[in-house]
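A.B. asks: Listed below are the residues making up each chain.
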Amino acid sequence: MRKALLSIFLLIIIRSGYAQGSYFTCNETGLYLSPSMVTISLPGQSKEDVKQKIMSFILERKYVYKPFYSGDNQIAFRDFVKCGDKQNCGADLIARNIFRLTYDSGYIKIRLENEIYSTFYGAELLINENDDVASKKDVPFAPYEFQVPEQYAAEYPEAMYTFSKKGKIKLHNPIVQETLLAFYNRYITDMETWFRQHN
Amino acid sequence: MNTKIRIVVIALSLASLPAMAVAQSLASNNTRAQARYNKEKIFAEAQRKLFTITSWAGANISDLLAKWGSYTRKSEQPNGSTVYIFENRYSGSGGSYTPGFVVTDQFGNVVAQKQAKDNTYSYDFTEYYEFYTDSTRRILHVKTGTR
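Protein sequences, first through last, are from chains P and E. Note that this note's numbering numbers the first sequence so that position 150 is 237, with each residue one more than the last. Note that this note's numbering numbers the second sequence so that position 51 is 60, with each residue one more than the last.
Don't read these hints as lab results, they were simulated from the structure. Incorrect hints may appear among the rest.
[Claimed, not checked] Across the chosen pairs, the derived CB separations fall in these ranges: (1) E:Lys48 with P:Asp136: 46 to 54 angstroms; (2) E:Thr135 with P:Lys252: 57 to 65 angstroms; (3) P:Lys149 with E:Lys76: 27 to 35 angstroms; (4) P:Gly209 with E:Thr40: 37 to 45 angstroms; (5) P:Trp281 with E:Asn38: 44 to 52 angstroms; (6) P:Asp136 with E:Ala68: 55 to 63 angstroms; (7) P:Tyr152 with E:Tyr137: 20 to 28 angstroms; (8) E:Lys76 with P:Gly254: 27 to 35 angstroms.
Since the model is a prediction, treat every value here as computed from it, not as a measurement. Ideal Cβ positions, reconstructed from N, Cα and C, are used throughout, including at glycine.
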């Protein structure tokens, strides 16, 4: 009885800690920033300073600057990178992330548009300047399925959730969920750290 | 004798049930695996078509115009960029209409009737390619679709 209570207590602590430390929500519908925008305060920095710092950050991290999505108050950049491997997740997962940084004197607001691709059949993915993705030799690949019908669980080992005919949703692959949350949280912590260090 | 044969047949049938169940399961597993493969193959091929066209992003619009010929229309944006738009309109119709009929006698009773058959169809859509360029005529972005 005491052990059971202790386990429940520990579980609550772990879960609350996990929720507090995450900038993202990851469930059967997808992965998104929660709240939808994260703000980094840069007190005392002029708009031009903030702009220069964002450009330096993009350059330093070797992200791709996206002029089409950028303007007077916004700078966008893209990252195209592996975010989960076959060994742990069941398939290699590749993320195409477009960050839109809205800025002004003293702050940056971060928004994210992301698409995750699953390369279950070992496809090597390519991306062009328009941010469209294809595979070498057209090897099959597809956008990552966060949930699949439960009878397809074996065919989609990387799927995070399964749902039954009655609509019951079950966590199928918690490792993928942890992997993706950790991966995306790193972006925000990295930006926060970098901009604070360069403030 | 007949009874013995029947018993043997029933016994064999019962013995083969688990094997049949396994075979059926394997078959449906293969079908599901095949379904995933087919779905992703179709996606990969569709992405390739899009990728080929949108890979003009980064090139100079003059190179595109030299290859594609003249555009349908051009639009100047408030931010100084120019959009070159190529459009292809597709429209048409087909199918057939067979009228129905009702035959009545002198008292108004229906003697014979046939429903009309309408298999006609029509379509009208425009396929577009929009190339957004900056002040140096470099293509920044490509949008495609139908409207």
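A.B. asks: Each of the hints needs a verdict: does it hold here or not?
C.D. replies: Structure-based check of all given hints:
no., hint, verdict
1, E:Lys48 with P:Asp136: 46 to 54 angstroms, "holds (49 angstroms)"
2, E:Thr135 with P:Lys252: 57 to 65 angstroms, "violated (41 angstroms)"
3, P:Lys149 with E:Lys76: 27 to 35 angstroms, "holds (32 angstroms)"
4, P:Gly209 with E:Thr40: 37 to 45 angstroms, "violated (22 angstroms)"
5, P:Trp281 with E:Asn38: 44 to 52 angstroms, "holds (48 angstroms)"
6, P:Asp136 with E:Ala68: 55 to 63 angstroms, "violated (34 angstroms)"
7, P:Tyr152 with E:Tyr137: 20 to 28 angstroms, "holds (27 angstroms)"
8, E:Lys76 with P:Gly254: 27 to 35 angstroms, "violated (51 angstroms)"
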